[in-house]
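Novice: Sequence:
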Amino acid sequence: MKISFKNGNNIEILKISNLKKEYYEYFKRVVFDLSIEFEFFKVETTLDGEESDFLNLKKCLEKLYDGEWKSFYFEPIGNSFQMHFELQENGQIKVHSKLYNAMFTGMLEFEYLTNQTFLPELIKEIDTVMNSGQSASY
Numbered sequence: 267m268k269i270s271f272k273n274g275n276n277i278e279i280l281k282i283s284n285l286k287k288e289y290y291e292y293f294k295r296v297v298f299d300l301s302i303e304f305e306f307f308k309v310e311t312t313l314d315g316e317e318s319d320f321l322n323l324k325k326c327l328e329k330l331y332d333g334e335w336k337s338f339y340f341e342p343i344g345n346s347f348q349m350h351f352e353l354q355e356n357g358q359i360k361v362h363s364k365l366y367n368a369m370f371t372g373m374l375e376f377e378y379l380t381n382q383t384f385l386p387e388l389i390k391e392i393d394t395v396m397n398s399g400q401s402a403s404y
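Residue numbers for the sequence shown, in the numbering used here: 267 to 404.
Heads up, some of the hints might be wrong.
In the DMTMM-like style, the derived pairs of lysine to aspartate or glutamate whose C-alpha atoms are separated by at most 25 Å in a straight line are [unchecked claim]:
no.: 1; residue 1: Lys360; residue 2: Glu391
no.: 2; residue 1: Lys360; residue 2: Asp299
no.: 3; residue 1: Lys329; residue 2: Asp393
no.: 4; residue 1: Lys294; residue 2: Glu341
no.: 5; residue 1: Lys324; residue 2: Glu387
no.: 6; residue 1: Lys308; residue 2: Glu341
no.: 7; residue 1: Lys364; residue 2: Glu387
no.: 8; residue 1: Lys268; residue 2: Glu310
no.: 9; residue 1: Lys390; residue 2: Glu334
no.: 10; residue 1: Lys364; residue 2: Asp319
no.: 11; residue 1: Lys272; residue 2: Glu391
no.: 12; residue 1: Lys272; residue 2: Glu375
no.: 13; residue 1: Lys281; residue 2: Asp299
no.: 14; residue 1: Lys390; residue 2: Glu352
no.: 15; residue 1: Lys324; residue 2: Asp393
no.: 16; residue 1: Lys287; residue 2: Asp314
no.: 17; residue 1: Lys390; residue 2: Asp314
no.: 18; residue 1: Lys281; residue 2: Asp314
no.: 19; residue 1: Lys272; residue 2: Asp319
no.: 20; residue 1: Lys329; residue 2: Glu387
no.: 21; residue 1: Lys294; residue 2: Asp319
no.: 22; residue 1: Lys325; residue 2: Glu377
no.: 23; residue 1: Lys336; residue 2: Glu375
no.: 24; residue 1: Lys336; residue 2: Asp319
no.: 25; residue 1: Lys325; residue 2: Asp393
no.: 26; residue 1: Lys360; residue 2: Glu278
no.: 27; residue 1: Lys325; residue 2: Glu278
no.: 28; residue 1: Lys268; residue 2: Glu375
no.: 29; residue 1: Lys336; residue 2: Glu355
no.: 30; residue 1: Lys364; residue 2: Asp299
no.: 31; residue 1: Lys364; residue 2: Glu341
no.: 32; residue 1: Lys325; residue 2: Glu352
no.: 33; residue 1: Lys286; residue 2: Glu328
no.: 34; residue 1: Lys324; residue 2: Asp299
no.: 35; residue 1: Lys329; residue 2: Glu355
FYI, nobody ran anything at the bench for these hints, they're computed from the structure.
Bear in mind that the values here come from a model prediction, so they are computed numbers and not experimental data.
Turn these sequences into a full structure, and let the hints steer you where they fit.
Specialist: Right, dumping it as structure tokens:
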């Protein structure tokens, strides 16, 4: 299962996959693979965050789709990755993304436009992925 972020031409730009949930006493950690294919850049890495990061992403996308919000950030707690979603006046969504390496000595930064029509599918993917997958308790 995966969460796919697509541009306005329905081309997958960014993919979150292989989510593994680890339940600790005070929080729920999620380890995931991130793949980016944008223009001539191709990056694959493993990152982590908390389950609440993904639940908040879903909630924010719903609010953006419903017109309640104009922008929001998705930044998993690991602080190596960030996405900024911003609704444009023409109805498109500008997605500005940043990926840092572990030592913060390098960064990939890019942006693309996507279409609101892809949001229901994206929200459903997040819901499906978060309600399934591997988990372990510690």
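Novice: Which of the numbered hints are not met once you compare them with the structure shown?
Specialist: The structure breaks none of the hints.
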